[in-house]
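All chains, full assembly: derive it from the sequences and hints.
Each chain, written out:
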Amino acid sequence: MSDHHGDDHAREHDRPLSGPALRARALESLLVEKGLVDPKALDELIDTYQTKVGPRNGAKIVARAWTDPAFKKRLLSDATAAIAEFGFIGRQGEDMVVLENTPKVRNVVVCTLCSCYPWPVLGLPPVWYKSAPYRARAVIDPRGVLKELGSEVPEDVELRVWDSTAELRYLVLPERPAGTEGWSEDELAAIVTRDAMIGVAQVELPARGKR
Amino acid sequence: MNGVHDMGGMHGMGPVEIEKNEPVFHSQWEARVHALNLACGYHRKWNIDMGRHSRERIPPAEYLAFSYYEKWLRGLEMLLVENGLVTPKELATGRAESKASGAGVLRASEVAGFLRVRRLARMDDDVPARFRPGERVLARNDHALGHTRLPRYARGKRGVIDRDHGVFIFPDTHAMTRDKKPQHCYSVRFAACELWGQGASARDSVYLDLWDDHLDPA
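Residue numbers (the numbering used here), protein chains in the order written: chain A, 1 to 211; chain B, 1 to 218.
Relax, there's no trap hidden among the hints.
Straight-line Cα separation of at most 27 Å, BS3-like style, residue types lysine-lysine; simulated pairs: (1) Lys20(B) with Lys52(A); (2) Lys45(B) with Lys40(A); (3) Lys20(B) with Lys147(A); (4) Lys60(A) with Lys72(A); (5) Lys130(A) with Lys157(B); (6) Lys157(B) with Lys104(A); (7) Lys130(A) with Lys52(A); (8) Lys130(A) with Lys45(B); (9) Lys130(A) with Lys20(B); (10) Lys99(B) with Lys40(A); (11) Lys20(B) with Lys60(A); (12) Lys99(B) with Lys89(B).
No lab work stands behind these hints: they were computed from the structure.
Written out as structure tokens, the structure is:
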């Protein structure tokens with residue numbers, strides 16, 4: 001158990017930066033001084049997750065699956081390989097599983113023990129996904145959570161909750177909404193949301209005229 | 001360990017609130033903490049399961065009060081000290097007493113490649129599977145003091161093997177002794193009513209990824 005915490009708390013109250021901001025700055029400068037990290041590499045890591053990796057990646061996968069039956073088949077049988085066709089590989093996406101929503105089955109993904117999430121296709125997880133309310137409730141009351149989030153599941157639809165307890169990472173393939181016949185892959189990708197790929201929302205048509 | 005991190009099924013945590021147009025990081029220090037965790041992992045002094053276990057060992061009151069990246073910051077401090085990259089005194093004073101010896105360091109030009117490397121959670125070891133899809137299993141009612149990926153809410157419950165994911169590192173030992181103990185990991189389906197009683201929907205189920213050492217035949 002750590003025995004070093006608390007050292008800084010008393011003096012932090014007088015400073016303009018908040019506690020964790022100060023601690024993070026102190027730790028970074030220590031690690032740089034020791035030669036354990038290169039601050040330029042930190043900049044590059046931050047830029048990667050702020051600008052290069054995010055839910056637009058997953059949306060491309062979904063749009064392709066909606067328009068290319070052969071790709072969809074590959075995606076459902078070997079998601080890791082199919083997703084790698086787009087170059088979305090690596091950290092926190094080493095072994096992917098794609099879960100298909102149908103009119104009779106909906107899937108929801110959670111990590112009750114920590115914050116496991118498919119980084120290469122969705123980026124870093126949002127705060128609510130990592131929060132105590134979602135981690136506590138998604139397994140015991142998924143219908144209640146979805147109803148609160150405006151995505152009520154009809155009684156005759158089966159709900160499957162996937163608790164990410166291993167190094168498998170889950171991506172939900174949402175249902176393609178009616179009224180999108182003939183849309184291009186790019187147009188389809190634009191309406192696919194992060195929350196639909198976690199399973200707490202469905203893909204909706206944009207309000208009239210906004211397409 | 002029966003820690004507060006094992007949250008599945010707890011009551012009283014409040015509503016799930018989704019922030020509209022949420023930024024990737026809410027402040028610069030969060031971004032630095034995330035990057036520091038990845039850059040320190042480059043030294044391979046600990047594995048991902050040890051990392052998870054460090055955050056699980058944050059005292060419960062703090063765990064609940066901390067924001068997400070505060071937990072990652074505290075966990076990283078613990079890992080650095082416990083694995084000898086930083087001394088307790090250095091952490092307390094913020095001043096280096098010595099330079100790291102001979103360690104390579106992650107450079108900006110290596111970041112893209114570093115993030116694309118497949119880490120080896122999946123193993124090639126030829127280990128026989130104890131169960132086949134469709135078989136009924138009982139999750140063990142174990143209350144290990146150390147790390148485990150078998151949540152409390154599934155212990156002692158009956159499920160069905162849905163699919164065999166293949167052979168993976170066993171995190172429960174990997175976090176504690178670095179023993180990989182390769183074995184099959186399965187997706188196991190538990191009926192919602194088995195986990196939560198008759199008030200749950202008879203249609204619904206929860207799938208957990210569990211290993212041979214978590215399961216017995218039912």
